[in-house]
Each structure stands twice: as C-alpha cells, then as structure tokens.
Amino acid sequence: MAIEVRIPTILRNLTDDAKVVEGSGATLDELIADLDSRYPGISERLVADGKLRRFVNIYLNDEDVRFVGGLEAKLSDGDTVTVLPAVAGGSR
Amino acid sequence: MRYDSLLDSLGGTPLVGLPRLSPSPQIRLWAKLEDRNPTGSIKDRAAFFMIEQAEKDGRLSPGCTILEPTSGNTGISLAMVARLRGYRMVCVMPENTSAERKQLLAMWGAEVHFSDAAGGSNEAVRVAKEMAAAHPDWVMLYQYGNPANARAHYETTGPEILADLPEITHFVAGLGTTGTLMGVGRYLREHRPDVRIVAAEPRYGELVYGLRNLDEGFVPELYDESVLTTRFSVPSDAALKRTRELLDKEGIFAGISTGGALHAAMGMARKAEKAGERADIAFVIADAGWKYLSTGAYEGTIEEAEERLDGQLWA
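Order-wise, the sequence lines are chains A and X. Quick note on numbering: the first sequence equals residues 1 to 92 in our numbering. Quick note on numbering: the second sequence equals residues 1 to 315 in our numbering.
Note that these hints are calculated values from the structure, not bench results. From a predicted model like this one, the values you see are computed outputs, not experimental measurements. Treat each hint with caution, since some may be false.
What the hints assert, rightly or not - Partial list, computed: chain X residues near chain A (C-beta under 8 Å): (1) 108; (2) 120; (3) 219; (4) 248.
A virtual CB, placed ideally from N, CA and C, is assigned to each residue, including glycine.
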C-alpha cells in the first residue's frame, strides 16, 4: 500500500534530501514505523512519549491528523501525508 | 447608518449569500465581509478590543509606545487606533510581506522594524519579544496570547453571525493568531452545540518553513484545539484558485487568505452533499484584495501566480 509522504526541509537530512518518499501502513503509527525502518531517526523527530511532538504538524490529505485519530488515523492507498513544522503564519 | 466616529462603526459587517458557489438550495455558503471594517480587515476588532482592555487595565496611557509583531493587518489596525488615541506604534514585520502593507503602516504613522524573511512570523515574534525586554516601558499587546483578541470575536463577530444565520451548521475561518476561531467558535458552540468549527491554515512555500527547527515551532497561546472540529492545511495554489473563483462567480474581490477559507468551506459543502445533509456554512472574508495586487496573485495563470507567491507570506 503506497502512501506519499512529503518531508519538510529540516528532516531531509534523514531522507537523502528526498522531498517526497513513499511508505506503507494501515495507520499513521504504522507508516511512521515503516519510514523509520528505512530512514532511521525519523520517528523520534516526530513522536515523543507515544504522541505527536507539539511543534510537529502532520496532515492526512491536508487535514490535521490530530482531528482524525492522531497516530491511530487510518490510512489508505493513494493518501498523501504532509509533515510540517508549526509556524506562526502570515498576515497577523 | 450614522456613527459618532470611525471607531464606533467597527463591526456590524454584512453576511452575504453566495448563490453561484453554493452547491444547492440545501447547502448554502455565506460570506462575512470583514473587509467592511474601518481599516479594511477583521483585525480592527481585535486591535480595538486589545487597546481598550489595556487602557482599562492601566497598561496604556497617552504617550505610551505600543509594540507588536505583525506582518500587516493587525499592525495597520493598531496603528489607526493608536493614532486616534495618541500612542506611538512600532511594528516588527517579516521583510517578505507585500509592499502595500509596508506603505499602509507608514501612512498611519507606524514605525516598522523588519525581521528576516526566513522564519516568517515566528521570527517577527521572537524579535518583538527581544525588543520588549529591552524596552520595559513599551507595551506589547501580543495578539497571539491576548485574551481580548478572542473576546472581540466572542462578543461581536460570533453574535453577529448567529443573529444573521440562526440555522448555521459550519463556521470556517483562517487560522493565524486563532483569535477569530476561538472567539466565534466558543460563542457559537454555546448556542448551537452541534456547529462545526473549521480552521483553514495557509501552507506556504518552503522558505517559510525551511529553517524551522522542529523543537522551536510556534503555537499561539490562544489556541485551544478542543474548540475546533477540524483543521485543514491549504496550499497556495488552492487558495489562489478559490480567490479567483470568488471574484469570477460572486464578484467578491478578496485577499488570498480568504481563498484558503473558501477552499475549506467548499470541502465541507462537498462532504455535506455526499452525506445528504443540509448545511449553512459561514466563512470569513478577512480582507479585500487591494493589499495583494503587487504580489501578482490576480494576474496570469495560477502556476505563474503561485511561483510569484513562493516564499511570501500570503496570508
């Protein structure tokens, strides 16, 4: 099952500079474990104490995973997962 | 309608239907025209409430200096109120914001201090906090953590929307300081427990995130996840496309962040249609498009416009 994962600049040292990698898993947790098997160290940058790190945002098809089950979020073939650092944003 | 002064005319903005973008008579989209505020954006509400509260608390008195990290609208609003009330205004703004915003701030008499483009508003916040520490007599209203920001929307925007649209099922707005979503969201939930509160967060080009360390991110102090039903990340091409659609189909000339909110609103409309539910979806037009003309967002193809926006803070 292929899921497209977009990697932020700050983590590309772990993915040989790849912007987009593929992974598999029925849940986000499984996907991160799968990525960590090929890109060691990525899991601990995203997850701490069994939870998403506070300043890491992960989006499943552009929806914040914190609202669709967090690490338990269900994934399907063809989904896109985007990892981004939390930022303050723009025109405030 | 007659008011004693410009500030008295704050809020009370129209809620207009979008008959051509709404999928069906059962699923309707409504736009809250916040560009119809004194300086042309929703930020006038937060600026006015934050200054009033600081005056009540005795933090601000004539001659004081107000300092704020802002890439535009809040600074413009604060500068206007500050000018009328006799305060000096200093803004810390990322250098990669549009030329119009810089000019408008100068027009209302604000002094602008630029922070590095890389890092966006995070960097502006950091620099402003440093400046505040160096000038203990300056007053930083700090929109990201000031409860008066969310209260402005709890006391004004929320009640206005509910009065105009008692049948509301969804409220959608851009996510920045989170003040609009927190204030309106809490108010609506108290009166319509099943209402869905949806955040549309802008997703910028890589430069903005590039140097962000994952341990040094930023989450506004006002943010309370439990107020939201869900949150979408809207890429710039989708925001641009929707901004143009709003202009083409409904004649509304909005800023680019509004395209992001419309994108999320249309997504909710599609979901309701699939589920066979009725929906009345209100979303916020945060400002009009004037301030973004120089970004090229309204010219050429979406791809060209997206390229021009890359690295800029478009919302």
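Verification of the supplied hints:
no.: 1; hint: 108; verdict: violated, 16 Å
no.: 2; hint: 120; verdict: holds, 6 Å
no.: 3; hint: 219; verdict: holds, 5 Å
no.: 4; hint: 248; verdict: violated, 23 Å
Of the numbered hints given earlier, the model fails hints 1 and 4; all others are met.
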